[in-house]
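S.K.: Since chain A is already given, all that's left is putting chain B on it; use the hints.
Given next are the chains, with one letter for each unit.
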Amino acid sequence: MTLREIIAMVVGASPRENPWGIVAEFEGPGQLLAAARALRQAGYRRYDAHTPFPVHGMNEAMGLRPSRVPLVALAGGVTGAALGLAMQWWINAVDYPLVISDKPILSWPAFIPVTFELTILLAAFGAVGSMFLFNFLPMLYHPLLKHERFGRVTDDGFMLSVEARDPRFEPQATRELLASLGGDHITLLEP
Amino acid sequence: MSIAADTRLPQIPRPQEEPLTEGRQDFHSITESVCRITEYKTNRIWLAAFGFAVFWLMVMVSMIAYLVWTGVGVWGLNNPVGWGWDIVNFVFWVGIGHAGTLISAILFLFRQKWRTSINRFAEAMTIFAVMCAGIFPAVHVGRVWVAYWLFPLPNQMGLWPQFRSPLLWDVFAVSTYATVSAIFWYVGMVPDLATLRDRATSRIRKIAYGVFALGWRGSNRHWNHYEAAYLLLAGLSTPLVISVHSVVSFDFAVSVVPGWHTTIFPPYFVAGAVFSGFAMVLTLIIPAREWFNFKHLVTLRHIDNMTKIILATSLIVGYAYGIELFVAWYGGDPYEMAIFKLRATGPYAWAYWTMVFCNVVVPQVFWLPWARRSIPLILVASVLINVGMWFERFVIVVTSLANDYLPSSWGYYSPTIVDILTFIGSFGLFFTFFLLFLRFLPIIAMAEVKAILPQANPHHHEPPAAAIGEERHG
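The listed protein sequences derive, respectively, from chains A and B.
Each residue of the first sequence is one higher than the one before, starting from 1 at the first, in the working numbering.
Each residue of the second sequence is one higher than the one before, starting from 192 at the first, in the working numbering.
The following block holds chain A by itself, in its conformation from the complex (with noise of 0.2 Å):
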């Protein structure tokens, strides 16, 4: 028994019923942005572009909320200033401390440098950490790197994707959609 028929047998379905969604190529960064804009006006928000480098406009476009990211880097930041600045104290003052050159045992200007580059580290952590946390990659197995004509995507193609869990989803008349906003070589995929 494969994974896939265990996978059926425990949602309930043959897999041919249930498709993962429909995927369409676009000529070029214009008409794909127009086109997320008109799927987004015609309802649809389980869907996705796919281009070989970020097209400007595209988030407006697809109405995605600015990236969170920064948000986690700037934890990260606090957490490396914090935690940098604490343990040089608790190293040098509290657990063996060390007189140099007759200064305070607490001179924290001393240990700046080392605060700011842990700062900076746990910020670069906590900015990449975030990005592929929120991507959900690695992902190594997704239906769309299994259509034959996906690796345009990472060269010179331009696709939109429709996931089936839309509400909105059909795949006639999603098809058909996307066929009027001038997409081509529309296909439907299986999970």
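By construction, these hints were calculated from the structure, which means they are not laboratory data.
Just so it is clear, CB atoms sit at the ideal spot from N, CA and C, and this is done for glycine as well.
Check the hints yourself; a few may be wrong.
To be verified - Between beta-carbon pairs, the in silico distance windows are:
1. B:T233 x A:G63: 40 to 50 Å
2. A:F136 x B:F342: 32 to 42 Å
3. A:V78 x B:G349: 22 to 32 Å
4. B:S446 x A:A75: 35 to 45 Å
5. B:I455 x A:I112: 41 to 51 Å
6. B:H650 x A:G63: 11 to 21 Å
7. A:V78 x B:Y596: 41 to 51 Å
8. B:L344 x A:P191: 15 to 25 Å
9. B:K486 x A:H185: 30 to 40 Å
10. A:Y96 x B:A338: 14 to 24 Å
11. A:P138 x B:H650: 30 to 40 Å
12. A:A75 x B:F243: 42 to 52 Å
13. B:K486 x A:A179: 38 to 48 Å
M.R.: Leaving out everything else, chain B in the frame of chain A:
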């Protein structure tokens, strides 16, 4: 009617901006020119170069093995010069790395679009240079097997590092720098690795690039977070890169050794680092664009811009040399004055004047516009600048230690053959990794270059040929 005609602003002819890529590029042609470098059958020249690099890497490994086996005494270090080529090489390599971060982070924040053709290349250089740099201080601690004492790890001896020491700040600065640079480089490369994945024909390439591309799908929901993270990394790397060489300079400036104890050191070191790094980028990219045939992506305009930065940083470095002398005289400290007099006229005068010639005199040629576009001249100048910057560190490290307060403890430092072979070997390490990078990774940030093409703008309409350059969107 006539009023309207009169009040119309005169048409000011806009200077035609030189395009960032040459020829008629589209998205696919960029993918082709970058990807095919990794897809060719390995050629003999690459193999020969790689073999040569690995040979020198092995020389370095054997020299380090010999040192670990015998002791640091195999180097030319002795009283009074306890820091010699090891620290010179460390500062030299860390400095090289700085141009990579400057190009990838600072120029990104300043929206300098020309950086996109060279940033990947320069970032790779940064990472490999920092690797070379890290080896020298790690080895010179003597007992390398206890080098982990540098980190605040709880241990059975109940000992902790001393956080008021610049040498420890250096540990944190350089390791943070190496980590953040590597992350920045990798994150920037993920979309391009996905391009290589999607073009892969052999199973091994599919798996290797597939794993490192992390399943990237070019999704706009992903780009949203990705661009935020990338911008933040650029913002974080900018103060980081400045802090790293500042902290390296603290190793000297916080001491009381004459010639080291100056407040000008941090900015002077950072400018010197950027200066040497750009020279190294040019030394590497000029042959690479020739051999791998991407002259249409790294154009003479890019090279011209880099030589301008070299000229600017050379002026800063030259100013720093001058102000050092001035402050030594103006400050009235006899030891300070003596050391600078010795630098210019003493036993190391040959090194001092080599430094001045390479770093201050040679770059002046870049005032001439034709010189900024003459490839052979730029190559020679960039190599000379690297020589000069190595000598700058040599002058700083060695002269001050060799001649400090007590004339009775003066000495003359000479490296041993182990010093020399280790240094040459570090180029082997650098080029081993660099050649692997050139062979297997996308050496130009494809996604970023595509994004600056005019047709990447959603409002772009194919212009008639005459209109190109007249209207620039975005």
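S.K.: Of all the hints numbered above, which does this structure not satisfy? Sort the numbers upward.
M.R.: Failing hints, ascending: 5, 8.
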